[in-house]
Amino acid sequence: MAATQNLSDSDQSSLSDRSAPGRSWNRSLRVAENKRKKNEAEDPFVLALKYFSDVEAGTPVTGNDELERNLELVEKVAFSRGLSPEAISVMLEFAMSLRMGNAPCVRVLKCLIPATVVPQEAVVRAVGWLGVGKIPITTQVLFIKWVLTVFDMVDAKDQLRAIYGFIFSFVTEENLCPFICHLLYLLTRKESVRVFRVRKLLELQSKLGRQPFLLHLLSLYKVFCPELVTLSIPSQMKSGFKNHMSPWKSALIAVQKRNGSQVASNMGLVFTNKDKSNSKKRKHCHLELPPLRSVVNKEAQTNSSRKVVPLVQLRTFAQLLENMHCIELPAQMGSLLGSSLALHYLDCVQDESALLRLNFWLGYALHEELLFCADGGAGQDTEETLQFLNRLLSSQHFLQEGFSSSEAFLYKFLSVWDGALLCPQVLGLLSNIPVVPSSQIGRLLFEPLMQLFLTSSLFFKCGLLECLNTMLLKWLTWHSVYALEDDLDISLNSHTSINMTLSGFKDSVMELVHFVGRLATVGLQLEGYHSLLLNFTLGFYETVCDTFQKYGLPLVIIPPAGVFYPALFSTDPVSVDRLAYIMHRYKVNLASAKNQEKLTEQAFHINRQTYCEFNNYLVIMVNCLWNSKMFHPAMGLQLGDELLLKSSVPQHWERFNLIHHPAFMSYAVDFHQKCWPEKKNMDLSSITHSKPWSWYLEYLFTQGFDGLKHFFKSNIIRQRTTGEGQEETQQS
Numbered sequence: 004m005a006a007t008q009n010l011s012d013s014d015q016s017s018l019s020d021r022s023a024p025g026r027s028w029n030r031s032l033r034v035a036e037n038k039r040k041k042n043e044a045e046d047p048f049v050l051a052l053k054y055f056s057d058v059e060a061g062t063p064v065t066g067n068d069e070l071e072r073n074l075e076l077v078e079k080v081a082f083s084r085g086l087s088p089e090a091i092s093v094m095l096e097f098a099m100s101l102r103m104g105n106a107p108c109v110r111v112l113k114c115l116i117p118a119t120v121v122p123q124e125a126v127v128r129a130v131g132w133l134g135v136g137k138i139p140i141t142t143q144v145l146f147i148k149w150v151l152t153v154f155d156m157v158d159a160k161d162q163l164r165a166i167y168g169f170i171f172s173f174v175t176e177e178n179l180c181p182f183i184c185h186l187l188y189l190l191t192r193k194e195s196v197r198v199f200r201v202r203k204l205l206e207l208q209s210k211l212g213r214q215p216f217l218l219h220l221l222s223l224y225k226v227f228c229p230e231l232v233t234l235s236i237p238s239q240m241k242s243g244f245k246n247h248m249s250p251w252k253s254a255l256i257a258v259q260k261r262n263g264s265q266v267a268s269n270m271g272l273v274f275t276n277k278d279k280s281n282s283k284k285r286k287h288c289h290l291e292l293p294p295l296r297s298v299v300n301k302e303a304q305t306n307s308s309r310k311v312v313p314l315v316q317l318r319t320f321a322q323l324l325e326n327m328h329c330i331e332l333p334a335q336m337g338s339l340l341g342s343s344l345a346l347h348y349l350d351c352v353q354d355e356s357a358l359l360r361l362n363f364w365l366g367y368a369l370h371e372e373l374l375f376c377a378d379g380g381a382g383q384d385t386e387e388t389l390q391f392l393n394r395l396l397s398s399q400h401f402l403q404e405g406f407s408s409s410e411a412f413l414y415k416f417l418s419v420w421d422g423a424l425l426c427p428q429v430l431g432l433l434s435n436i437p438v439v440p441s442s443q444i445g446r447l448l449f450e451p452l453m454q455l456f457l458t459s460s461l462f463f464k465c466g467l468l469e470c471l472n473t474m475l476l477k478w479l480t481w482h483s484v485y486a487l488e489d490d491l492d493i494s495l496n497s498h499t500s501i502n503m504t505l506s507g508f509k510d511s512v513m514e515l516v517h518f519v520g521r522l523a524t525v526g527l528q529l530e531g532y533h534s535l536l537l538n539f540t541l542g543f544y545e546t547v548c549d550t551f552q553k554y555g556l557p558l559v560i561i562p563p564a565g566v567f568y569p570a571l572f573s574t575d576p577v578s579v580d581r582l583a584y585i586m587h588r589y590k591v592n593l594a595s596a597k598n599q600e601k602l603t604e605q606a607f608h609i610n611r612q613t614y615c616e617f618n619n620y621l622v623i624m625v626n627c628l629w630n631s632k633m634f635h636p637a638m639g640l641q642l643g644d645e646l647l648l649k650s651s652v653p654q655h656w657e658r659f660n661l662i663h664h665p666a667f668m669s670y671a672v673d674f675h676q677k678c679w680p681e682k683k684n685m686d687l688s689s690i691t692h693s694k695p696w697s698w699y700l701e702y703l704f705t706q707g708f709d710g711l712k713h714f715f716k717s718n719i720i721r722q723r724t725t726g727e728g729q730e731e732t733q734q735s
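Residue numbers (this note's numbering): 4 to 735.
There's no promise every hint is true.
Label-pair restraints from in silico Cβ distances [to be verified]:
no.	residue 1	residue 2	range
1	L231	P427	38 to 46 angstroms
2	P427	E600	42 to 50 angstroms
3	K210	D68	42 to 50 angstroms
4	T480	Q612	55 to 63 angstroms
5	K601	P440	52 to 60 angstroms
6	N262	P427	33 to 41 angstroms
7	R110	G341	31 to 39 angstroms
8	E75	E176	32 to 40 angstroms
Here are the simulated DSS-like cross-link-like pairs (lysine-lysine), alpha carbons at most 27 angstroms apart as the crow flies [to be verified]:
no.	residue 1	residue 2
9	K79	K113
10	K203	K148
11	K597	K509
Rather than coming from a laboratory, the hints here were simulated on the basis of the structure. Each residue gets a CB set at the ideal place from its N, CA and C atoms; glycine is no exception.
Between the sequences and the hints, there should be enough to build the whole structure, so can you do that?
The structure is reproduced here in structure tokens:
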């Protein structure tokens, strides 16, 4: 104080000069704040919200111009930029309290388009108004539909779960029951499952029948508490919760895109109550993966006795392992497809409730936005659809299994698919389908695929064969991992209770292999035995030939003649080499099965016809490629002597050996030039001599024909002779 009093006049003047800017800044802030408050007080939208907040009950509606003006203003703001959380709270309280009757209530509910989030407290208060008994049932249904539409935008769910019992009490209302069950499905946790609730749902089922919405809620109850739900739940059910077109969905997407500065002018998403022409048009508005968000707010987490860690807060796999049993899943399960950690969680924990919720979300997205679009929305190969399906495919590859909802979608989609739309993605999803019972596989898969195959291009045929090969590989790999040695029962899916006996699995595999054999036989004829299609066919039979040795399945299926002969007489040496490798592996599998049959009594028995077919093919290949005895009477393939004479082909019995075969003649010519460079006249028959023949074989093997190498070593015993040729015998 004294120091201040002793300041000179000049010091005091300089101090006042320095503090002047600070006082000026504070004054500017106060002026700006006062101006903002004045503008807010004069903002028509703020005044409209104040009107709905302060309006008294019983205020007349008819002839009320002020109500009409304020309500139109709120509707305009809602459909243009969305309502703030405070506006949602005010308008929802006004509507559900029925201060001015039911007509304004319905109109307000239809314009509740949130801009960001929906306050949980407002939803809880609105649910409380349902118990008053004044709200008409149609308005109650409309309100529950709105809650389901904005469920993922509610900022927290803890208070809603706290009134789970109050919400459950409305399942007895027949008109509300489907929507209440849907809401309960989203809110259910293990602690929510009680005996009296299961009993009530079973009682409703006996009254209403086996309704899908009741079965889906009971299936979730059974996941959490299987001892309480003894009801047998069907393995495949129709979508339990229908997509009810509401006045909020498209408008909500439009608001979100507009607020996010996304151009959506060409998407046709804007929807108003007057726009009836676009009410049935849906563009892929649900094909975007939702962001991974927490459903637990910070206050609820601190007040809760149970530690909960939102999945969105985890960054590393180590953190996932540390918090594996206290993870809070997101509100919208579709966001799991966009997170590798979330997929790790599904794979490690195998949470049945999470898979049920994820399958429900995925089933809705695929069916409603791709299959059932009234405007043929799936007909447009949009970037959004491609990204969604590619993400789904990568998730399925990560989990090494498909989702049941995508399987159900494909069974319906194949019947209307043209084979061109999203072809790589659809074939990728098709290859992940689990084992289909043999009694249903023809109707679900073979009939639509056969029609597409016969009317499609060469490249689609190749793609379909590759898809079916991948499907078979996954079936066989899955069998080799999950088959039980004791009772030979196989779980079709690690997340379901469906079982199939080994004989049933073998029947499904046989049906698939025989189906591909028919496809390949017809397809090769239609495409003029194109080498590309032939190689995809042989790729499939490379999988089939090793079903016993490599995958432990007691089954051996020989390829049909329509595949064997085109490969044997192909002009492409790669095809002949692959056929030789396939025949070599067939012999290894058959020999192993025969040895096992001799050693153990429980070994499976191979049909004698299978051995006969293989031996016939083997004799034909050896006599054709090695012994130069093509078209001999002992061969299975014969031509009339008159026809052979008319062909004017000299020494026709040698035309398909390793020297004169159309696939290997260029190699024989090259070998002859390297072996006898001084000869001007080429005599390919000189290669048949003992030493040149051995050199020629080694030359072919150095060219990468390992299939021929394995085939000859396992089936040919060479006996050297003193004559010019060589003598061979087939190994038994």
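Consistency of the hints with the structure:
{"no.": "1", "hint": "L231 - P427: 38 to 46 angstroms", "result": "45 angstroms, holds"}
{"no.": "2", "hint": "P427 - E600: 42 to 50 angstroms", "result": "43 angstroms, holds"}
{"no.": "3", "hint": "K210 - D68: 42 to 50 angstroms", "result": "49 angstroms, holds"}
{"no.": "4", "hint": "T480 - Q612: 55 to 63 angstroms", "result": "28 angstroms, violated"}
{"no.": "5", "hint": "K601 - P440: 52 to 60 angstroms", "result": "33 angstroms, violated"}
{"no.": "6", "hint": "N262 - P427: 33 to 41 angstroms", "result": "34 angstroms, holds"}
{"no.": "7", "hint": "R110 - G341: 31 to 39 angstroms", "result": "37 angstroms, holds"}
{"no.": "8", "hint": "E75 - E176: 32 to 40 angstroms", "result": "33 angstroms, holds"}
{"no.": "9", "hint": "K79 - K113", "result": "12 angstroms, holds"}
{"no.": "10", "hint": "K203 - K148", "result": "23 angstroms, holds"}
{"no.": "11", "hint": "K597 - K509", "result": "19 angstroms, holds"}
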